[in-house]
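Asker: Given next are the chains, with one letter for each unit.
Protein chains: 2
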Amino acid sequence: MKPNNVSAEIIAVGSELLLGQIVNTNAAYISTKLSEIGIDLFRQSVVGDNPERLTVALKDALSKSDIVITSGGLGPTVDDITMAAIASTVSRPLILDEEIWKSIKDFFKKRRLKMPHYVSKQAHVLEGALAIKNPVGTAPGVIIEYGKKTIIALPGPPRELKPILEKSVIPYLRKKFGKRSIILTRSIRTAGLPESYVNKKIRKFLMMSGQVTAGIYSRPNEVDIKITAKAVDKKRATAKIKKVEKNILSILGKAVFGFDGDTLELIVGKELTKKHMTLSIAESCTGGLISSRITNISGSSKYLDRSIITYSDRSKIKELGVKKDLIARHGAVSRPVAVAMAKGIRGRSGSDVALAVTGIAGPSGGTEEKPVGLVYIALAKQGNVRCVERRYIGNRTDIKYQVSSAALELLRKELLK
Amino acid sequence: MKPNNVSAEIIAVGSELLLGQIVNTNAAYISTKLSEIGIDLFRQSVVGDNPERLTVALKDALSKSDIVITSGGLGPTVDDITMAAIASTVSRPLILDEEIWKSIKDFFKKRRLKMPHYVSKQAHVLEGALAIKNPVGTAPGVIIEYGKKTIIALPGPPRELKPILEKSVIPYLRKKFGKRSIILTRSIRTAGLPESYVNKKIRKFLMMSGQVTAGIYSRPNEVDIKITAKAVDKKRATAKIKKVEKNILSILGKAVFGFDGDTLELIVGKELTKKHMTLSIAESCTGGLISSRITNISGSSKYLDRSIITYSDRSKIKELGVKKDLIARHGAVSRPVAVAMAKGIRGRSGSDVALAVTGIAGPSGGTEEKPVGLVYIALAKQGNVRCVERRYIGNRTDIKYQVSSAALELLRKELLK
Numbered sequence: 001m002k003p004n005n006v007s008a009e010i011i012a013v014g015s016e017l018l019l020g021q022i023v024n025t026n027a028a029y030i031s032t033k034l035s036e037i038g039i040d041l042f043r044q045s046v047v048g049d050n051p052e053r054l055t056v057a058l059k060d061a062l063s064k065s066d067i068v069i070t071s072g073g074l075g076p077t078v079d080d081i082t083m084a085a086i087a088s089t090v091s092r093p094l095i096l097d098e099e100i101w102k103s104i105k106d107f108f109k110k111r112r113l114k115m116p117h118y119v120s121k122q123a124h125v126l127e128g129a130l131a132i133k134n135p136v137g138t139a140p141g142v143i144i145e146y147g148k149k150t151i152i153a154l155p156g157p158p159r160e161l162k163p164i165l166e167k168s169v170i171p172y173l174r175k176k177f178g179k180r181s182i183i184l185t186r187s188i189r190t191a192g193l194p195e196s197y198v199n200k201k202i203r204k205f206l207m208m209s210g211q212v213t214a215g216i217y218s219r220p221n222e223v224d225i226k227i228t229a230k231a232v233d234k235k236r237a238t239a240k241i242k243k244v245e246k247n248i249l250s251i252l253g254k255a256v257f258g259f260d261g262d263t264l265e266l267i268v269g270k271e272l273t274k275k276h277m278t279l280s281i282a283e284s285c286t287g288g289l290i291s292s293r294i295t296n297i298s299g300s301s302k303y304l305d306r307s308i309i310t311y312s313d314r315s316k317i318k319e320l321g322v323k324k325d326l327i328a329r330h331g332a333v334s335r336p337v338a339v340a341m342a343k344g345i346r347g348r349s350g351s352d353v354a355l356a357v358t359g360i361a362g363p364s365g366g367t368e369e370k371p372v373g374l375v376y377i378a379l380a381k382q383g384n385v386r387c388v389e390r391r392y393i394g395n396r397t398d399i400k401y402q403v404s405s406a407a408l409e410l411l412r413k414e415l416l417k
Numbered sequence: 001m002k003p004n005n006v007s008a009e010i011i012a013v014g015s016e017l018l019l020g021q022i023v024n025t026n027a028a029y030i031s032t033k034l035s036e037i038g039i040d041l042f043r044q045s046v047v048g049d050n051p052e053r054l055t056v057a058l059k060d061a062l063s064k065s066d067i068v069i070t071s072g073g074l075g076p077t078v079d080d081i082t083m084a085a086i087a088s089t090v091s092r093p094l095i096l097d098e099e100i101w102k103s104i105k106d107f108f109k110k111r112r113l114k115m116p117h118y119v120s121k122q123a124h125v126l127e128g129a130l131a132i133k134n135p136v137g138t139a140p141g142v143i144i145e146y147g148k149k150t151i152i153a154l155p156g157p158p159r160e161l162k163p164i165l166e167k168s169v170i171p172y173l174r175k176k177f178g179k180r181s182i183i184l185t186r187s188i189r190t191a192g193l194p195e196s197y198v199n200k201k202i203r204k205f206l207m208m209s210g211q212v213t214a215g216i217y218s219r220p221n222e223v224d225i226k227i228t229a230k231a232v233d234k235k236r237a238t239a240k241i242k243k244v245e246k247n248i249l250s251i252l253g254k255a256v257f258g259f260d261g262d263t264l265e266l267i268v269g270k271e272l273t274k275k276h277m278t279l280s281i282a283e284s285c286t287g288g289l290i291s292s293r294i295t296n297i298s299g300s301s302k303y304l305d306r307s308i309i310t311y312s313d314r315s316k317i318k319e320l321g322v323k324k325d326l327i328a329r330h331g332a333v334s335r336p337v338a339v340a341m342a343k344g345i346r347g348r349s350g351s352d353v354a355l356a357v358t359g360i361a362g363p364s365g366g367t368e369e370k371p372v373g374l375v376y377i378a379l380a381k382q383g384n385v386r387c388v389e390r391r392y393i394g395n396r397t398d399i400k401y402q403v404s405s406a407a408l409e410l411l412r413k414e415l416l417k
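In order, the protein sequence lines correspond to chains A and B. Using the numbering used here, the first residue of the first sequence is number 1, and each one after it goes up by one. Using the numbering used here, the first residue of the second sequence is number 1, and each one after it goes up by one.
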């Protein structure tokens, strides 16, 4: 492993990116690939289809980083300025690359398309540059060695950029810069804890710096702790992560529902499957979202028997057997009604467990006593029914999502008992 | 209109963005909003949670642009470095803002949460800065005038950034920089047409260049045509857009379901409300997604009576009255079963219209004859039942989404009759 840090900068080129008409997903992708071979990213930036600005950005990046990667602006039209801007930045001429030219002509021949004359522009690469054929388009990728710096130009469409980056650029960089330290990450996922609580509890891990760091990322009703480790190889990085992970798990306990790509619905599904249990759901304010999340998991038909979305008092009475006077006395959004809904759907379906929610998703329908965001979540299991009250803030879809997470979390905790 | 250009740069702060662990969607959003008030974007960039690098990026941006907007890094933890980096860049102290401090304390009180002491960090803003309350979180937005330059710091979570940008920052910039040439966009939204068909039909508008341009953006089962116009004022830009819009509408006809922020569920809801009609839904493979989309609309309790998600044969029989031998003869994924489900839920709920879907969301459960992605969608209205067969490609959640859009589109067309 070479001792010094290698740093890189990514410049995405395109007015449609700069104006926000499309989202720049390439930068995140390139970042991930670079971190896997231990290359430190200094900055990502986006510039429009403007040759002067791109030249300024290229010079600036070359003054700060060892590797500069551009994406986009390699097409055949006048808008496509990347290659000319690089040529001007490094003061080298563009010359026709015969092999690339042949592959472009083949591209059109194979697809029986008429080739516009201006496409030959894409066969012109910088003198001394390494051109990489594009397996799915006509714009080649280009690697240019410029003094001690490396400039890499990639086409903008993700499906063209990805194979060139993975098959040619990453191996090239790994070879040039040698075996370096790698960066590995691991997410610990929790539900039902406030971010401030998690922050306080694991504060000392957040203050770490150097080769292992931890950070908190929160979404509605779910907080992730992401551990990042740098080491010479995967084994050592994993060992560093495991040590911190073990400590955090012992602090947060059962609030941790999973890791990395795990979702509440996936974990709940695994537990139901393991225990051979079936589930039914009665939803009011979530309007089907809990069931939709449950059924995002392949195999959910094994445990989800049915759900009933009772969006009217009438349907709560008819479908779930909620007593009319119970609604009249306590209101549809109340603890007794949530409990009756859970009992009703469980009785009707014969499922092992049942969830029920009733609440006010807003923005209208709230009162002083029962504000928007108030919700009751009930869980019925054999003879027992539990019911919790929660209050959430946000717009209608935010509230729906938070309630659905809280319901799934209540079920997960019950299944762990 | 002031003659000189006003330029802006956006700096997103966060190692998780730089390392590609999350995609930077804020930059695209801010870009769009700036272009609407005629502010020219010079560059977007992303830097990690590194105070020195952020300071370098801030100084660099201030040397090139009139407005520098940061997103992220305003949280209460040690990772959150933006405010300190700005303070160091402009050499001004951070002082406690009493009003913001009070709003943060209220935030915790309302949620009945214990407030960690370090949250007070978020109430410290730059001397002379304008602090903007965060309606959904604790990090305030901040506007700082620095010589002729304006620095704006916004919180990173999109649901916190958006209201602050729209309600405070954009009006502030419009007032400061006056009336400029503006860029306006208009999206025409269609459902049920293949992208290649739309492309062919409106080809001549896509080839336009100059002050009005059109582009195609496609999502599963929905294709948008985005028209962009530049003009000295909103009236002229609108007139340019209207001309192109009118032509495209006459070509695409009833496939157009709405404009800009319109969704199928919103339009369907408006039609049901207008006609005083009620809806009930029987879902199988979509697992609650159609109902969840319908109930994302405020006021949907006026027309959605109930939905039943029958994820088992048993529940189709018991809840919807589907005949056991119908399922045995044709299979649960079949035209007769979809029709019986629609009739069943309509009969049970007494709603004016009813939707029913049955299909194979995959990835398992497909056969040669009935592959993954096959779906039947039925619509019942008074004596009539219509049923369509569709085939979709994608992963489980893609297929669910496409089926839900097709069902909503079928209902929309029926309501337009």
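Note that these hints are calculated values from the structure, not bench results. Just so you know, not all the hints are guaranteed correct.
Put simply, identical chains are the same to the list, so a pair is met inside one copy or across any two.
Below, computed lysine-lysine pairings styled on PhoX-like, alpha-carbon distance capped at 25 Å [stated by the list, open to error]: (1) K270 - K200; (2) K381 - K318; (3) K318 - K343; (4) K201 - K121; (5) K114 - K370; (6) K102 - K226; (7) K149 - K59; (8) K200 - K102; (9) K105 - K381; (10) K176 - K274; (11) K243 - K105; (12) K102 - K243; (13) K200 - K121; (14) K318 - K226; (15) K102 - K302; (16) K235 - K59; (17) K243 - K33; (18) K114 - K413; (19) K148 - K109; (20) K226 - K121; (21) K370 - K105; (22) K204 - K114.
Computed from a predicted structure; not experimentally measured.
Asker: None of the hints should be skipped; say for each whether it holds.
Answerer: To see whether the hints hold, each was checked on the structure:
Neither within a single protomer nor between protomers do K270 and K200 lie at most 25 Å apart by alpha-carbon distance, with minima of 31 Å and 47 Å respectively. With identical chains, the CA atoms of K381 and K318 are at most 25 Å apart both within one copy (22 Å) and between copies (22 Å). Taking the closest pair of Cα atoms, K318 and K343 come within 25 Å of each other both inside a single copy (14 Å) and across two copies (18 Å). Taking identical chains as interchangeable, the C-alpha atoms of K201 and K121 lie at most 25 Å apart only when they sit on different chains, with a minimum of 18 Å there against 56 Å within one chain.
Proximity of K114 to K370 under the C-alpha cut-off of 25 Å is restricted to the inter-copy arrangement: shortest distance 22 Å between copies versus 55 Å within a copy. For the identical chains of this complex, K102 and K226 are neighbours neither inside a copy (43 Å) nor across copies (31 Å), given an alpha-carbon limit of 25 Å. Both within a single protomer and between protomers do K149 and K59 lie at most 25 Å apart by alpha-carbon distance, with minima of 11 Å and 24 Å respectively. In this homomeric assembly, K200 and K102 come within 25 Å of each other (Cα to Cα) only across copies, at 21 Å, whereas the closest approach inside a single copy is 58 Å.
For the homomeric pair K105 and K381, neither the shortest alpha-carbon distance inside one copy (54 Å) nor that between copies (39 Å) is at most 25 Å. Within a single copy, K176 and K274 get their C-alpha atoms no closer than 43 Å, and across copies no closer than 62 Å, so neither meets the 25 Å cut-off. Within a single copy, K243 and K105 get their C-alpha atoms no closer than 52 Å, and across copies no closer than 36 Å, so neither meets the 25 Å cut-off. When the C-alpha separation of K102 and K243 is checked against a cutoff of 25 Å, the pair qualifies neither within a copy, at 51 Å, nor between copies, at 40 Å.
Taking identical chains as interchangeable, the C-alpha atoms of K200 and K121 lie at most 25 Å apart only when they sit on different chains, with a minimum of 14 Å there against 56 Å within one chain. For a Cα distance limit of 25 Å, the shortest separation of K318 from K226 qualifies neither inside one copy, at 47 Å, nor across copies, at 46 Å. In the homo-oligomer, the alpha carbons of K102 and K302 never lie at most 25 Å apart, since the shortest distance is 39 Å inside one protomer and 51 Å across protomers. Within a single copy, K235 and K59 get their C-alpha atoms no closer than 38 Å, and across copies no closer than 40 Å, so neither meets the 25 Å cut-off.
For a Cα distance limit of 25 Å, the shortest separation of K243 from K33 inside one copy, 23 Å, qualifies, whereas the shortest one across copies, 45 Å, does not. In this assembly of identical chains, K114 and K413 lie within 25 Å of each other by CA distance solely across copies; the values are 23 Å between and 52 Å within a copy. In the homo-oligomer, the alpha carbons of K148 and K109 never lie at most 25 Å apart, since the shortest distance is 40 Å inside one protomer and 57 Å across protomers. For the identical chains of this complex, K226 and K121 are inter-copy neighbours only, at 23 Å across copies versus 43 Å inside a copy, given an alpha-carbon limit of 25 Å.
In the homo-oligomer, the alpha carbons of K370 and K105 lie at most 25 Å apart only across protomers (22 Å), although the nearest pairing inside one protomer, at 58 Å, exceeds that limit. Within a single copy, K204 and K114 get their C-alpha atoms only as close as 61 Å, which misses the 25 Å cut-off; across copies the closest is 19 Å, which meets it.
In summary, the numbered hints that this structure violates are 1, 6, 9, 10, 11, 12, 14, 15, 16 and 19.
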